[in-house]
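Q: Sequence:
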Amino acid sequence: MSNLVIECKQLGKSYQDGKNQVEVLKGVNLSVTQGEMLAIVGSSGSGKSTLLHILGTLDKGSRGSVKIKGEEVAALSRNH
2 MSNLVIECKQ LGKSYQDGKN QVEVLKGVNL SVTQGEMLAI VGSSGSGKST LLHILGTLDK
62 GSRGSVKIKG EEVAALSRNH
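Just so we're aligned, residue 2 is where the sequence shown starts under my numbering, counting upward by one.
Treat the hints loosely; a few may be bogus.
[Claimed, not checked] With a Cα cut of at most 30 Å, we get these calculated DSS-like pairs of lysine-lysine:
| no. | residue 1 | residue 2 |
| --- | --- | --- |
| 1 | K61 | K20 |
| 2 | K10 | K20 |
| 3 | K61 | K27 |
| 4 | K27 | K70 |
| 5 | K49 | K27 |
| 6 | K10 | K61 |
| 7 | K70 | K10 |
| 8 | K27 | K10 |
| 9 | K68 | K10 |
| 10 | K61 | K49 |
| 11 | K49 | K68 |
| 12 | K70 | K49 |
| 13 | K10 | K49 |
| 14 | K27 | K68 |
| 15 | K20 | K49 |
Calculated from the structure, these hints are not laboratory results.
Using the sequences plus the hints, can you model the full thing?
A: This is how it looks when you write it as structure tokens:
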């Protein structure tokens with residue numbers, strides 16, 4: 002059994018801003034194992050909050066996959 006808690010593969014997030022599409026996250030690959038500590042740092046507007054919202058299931062990525070404890074987040078029900 003794997004101790005992998007969070008796994009992202011090629012995660013991306015885009016927003017529509019008028020006629021322009023703004024890519025906030027592009028190709029994020031991330032693995033976090035049980036007991037591991039992680040810091041997410043970057044300049045203002047670099048996508049830190051967006052990434053955390055997706056990992057916390059408050060938002061969805063535009064592409065790629067996110068798994069929490071081996072389960073694809075897109076397949077989880079709201080009551081899970």
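Q: Under the criterion that the straight-line Cα-Cα distance not exceed 30 Å, is the pair K61, K27 satisfied?
A: 14 Å, holds
Q: Compare the distance between the alpha carbons of K49 and K27 with 30 Å, and conclude whether the hinted pair is satisfied.
A: Given pair K49, K27 holds - Cα atoms ~12 Å apart, limit 30 Å.
Q: Against the 30 Å threshold, does the CA-CA distance of K49 and K68 hold or violate the hint?
A: 18 Å, holds
Q: Holds or violated: K68 and K10, Cα atoms, limit 30 Å.
A: 9 Å, holds
Q: Given the hinted pair K10 and K61, is their Cα-Cα distance within 30 Å?
A: 13 Å, holds
Q: Hint check: K27 vs K68, CA-CA at most 30 Å. Holds or violated?
A: 17 Å, holds
Q: Quick one, are K61 and K20 close enough, alpha carbons at most 30 Å?
A: 21 Å, holds
Q: Are the Cα positions of K10 and K49 separated by 30 Å at most?
A: Given pair K10, K49 holds - Cα atoms ~16 Å apart, limit 30 Å.
Q: Does K49 lie within 30 Å of K20 when you go C-alpha to C-alpha?
A: 24 Å, holds
Q: Taken at face value, is the distance from the CA of K20 to the CA of K10 at most 30 Å?
A: The given pair, whose Cα atoms are some 28 Å apart, holds under the 30 Å limit.
Q: Can the restraint linking K27 and K10 be considered satisfied, given a maximum Cα separation of 30 Å?
A: 10 Å, holds
Q: Would you check the hint for K70 and K49, treating anything up to 30 Å between C-alpha atoms as holding?
A: OK: K70 and K49 at ~21 Å, within 30 Å.
In the structure shown, no violation is registered for any of the earlier numbered hints.
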